[in-house]
Amino acid sequence: MTGHIVGIEGTAHTAGVGIVGPDGRILSNIIDSYSPEEGGIHPREAADHHSDILPDMIDRAMKEADLDRTDLAAVAFSQGPGLGPCLRTAATAARALSVSMDIPLIGVNHCVAHLEVGDLTGATDPILLYVSGGNTQVIAFVNGRYRVFGETMDIGIGNMLDKFGSTLGIPFPAAPVLEAKARNGGELLPLPYSVKGMDVAFSGILTSAARLHEKGASIEDLSHSIQETAFAMLVEVTERALAHTGKEEVLLGGGVAQNARLVEMVDIMCRERGASHFVPPPPLLRDNGAMIAYTGLKMFNAGAFISIEESGILQRFRTEEVEVTWR
Amino acid sequence: MEVTRGDVIRRGSEAVVHAGTWEDMKVVIKTRISKGYRHPSIDLQLRSERTRHEARMLRAARDHVWTPRIIDIDLKEHTIMMEMIEGPVVRDLVLEITDGNLDVRPDGGRDQISAIGRSIGAGLAKLHAGGLAHGDPTTSNMIYHDGEVWFIDLSLGSRGADIEEKAVDLRLLREAVESTHPGTTLFDDAIDGYLSTSPDGDAVVEHIERIDSRGRYRRRPAV
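Chains as they are written, first to last, in this note's numbering: chain A, 1 to 327; chain B, 1 to 223.
Please keep in mind that the hints were generated in silico from the structure rather than gathered at the bench. Among the hints, a few may not be true.
List time: in silico SDA-like cross-link candidates among lysine to any residue, alpha-carbon distance up to 20 Å [to be verified]:
hint	chain 1	residue 1	chain 2	residue 2
1	A	Lys196	B	Arg159
2	A	Lys196	B	Ile33
3	A	Lys196	B	Gly12
4	A	Lys247	B	Ser140
5	A	Lys196	B	Ala15
Turn these sequences into a full structure, and let the hints steer you where they fit.
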């Protein structure tokens, strides 16, 4: 059994190791998230967490896939974008495996991996709405390149939710707690709806929500209002990208896409315009190694390898910078 | 006042445009449609705000460039009725002119592209001189009528535009031309038209490079 690809993910607080077969089938997908005792993510601590557990996670992924390291054809890793210390840890693990097994190294753009793994949901040519802690982008493959159609001009949607949660004393990650609170919210409080062209901004919502909270607004109403406002902005930009490109599929990606209200809003928008939408299962939605391996396989088949010298991390790796040779 | 609604002539993500007649006049009626995905109060608020904003932009722009006259605004129905500007959408016209190999076409094709490009650039210069930014200057948002370029959709525009917003307009035009009309002189012609019309055109054009050189700023994907 040869031709398997291992993918190592480590752009933020989640470490992941996934393995795909030469046919693109996912054979294992081990995920382990660092959660701080209190407060947000400290990049250094998250990186320490990753470097402690990545070697063991690789072993577990091999075992679960019932493979030996000699079955690996290449090692793919998340080269960026992300938090420097976390990226370095993943890159170090990938280089070590590449050197020890004498197999090629593949540097994967993390955002692009969220789009590519959409294949496994049945999507063929989607617009990706990618919503996570640090990233909020609307991405598609058009005219031979990955392109960003809209994105946040300030903070990621997940960061906004987590930051709002932390002002209320809700531990990281706060987004799922706020989602539960929102279900009991009734009143829609006015928050800044900030869409400029195809781009969005969230820091205004954060500031206004904090002010309303000081004035006594309930957490339930605030959570409800934040979701209704911020998600409407995201869905609007996604719909514009559909109209602009003529594409007919929406793919969700990123941890925030586990929010049932966001999924519902995307579903309604798609139904109203006759488009279809695809939601990967949570292990492929959140940061994970399988999507890195899966994208790595496509790149492997096109011979898109990098040398150790070229394998430096790219903290600000832009989606548009990816030189595409595999599509 | 008799208004008749006819065929849908344009369908965007937030509005539909119907052809129609008002009295004996040919009109278009742009309606901002309700979106089931968003909260009803957000939906209502956005549709009213944007209808009002677009009407204000069209009226303000009319002092500077060719743009359709507004006949009626209905803030309850979220509609703007305006005179119909007849003629091809600039995008379609340019595609038709450049269809096939420009070199084997009579010289007229090149000159026509040049004239359209200069007219686009001159129009943007006049808008900018009036303190307005267009916000979405793609060739789909322009109509060629009576030898002039008309700006038909200013809904993403803004007033009180600074040099940054003006330069962004030109960048957006460049990207729209690169993706929809690659290999044409349309953008260079537009810059010629812009520079010969705008008093501070040089500064705005230079500012484009400054934006380009910022790493953070992405190349916006017009398709």
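Each hint tested on the structure:
no., hint, verdict
1, Lys196/A - Arg159/B, "holds (14 Å)"
2, Lys196/A - Ile33/B, "holds (19 Å)"
3, Lys196/A - Gly12/B, "holds (17 Å)"
4, Lys247/A - Ser140/B, "holds (18 Å)"
5, Lys196/A - Ala15/B, "holds (17 Å)"
Comparing the model with each earlier hint shows no violations; every hint is respected.
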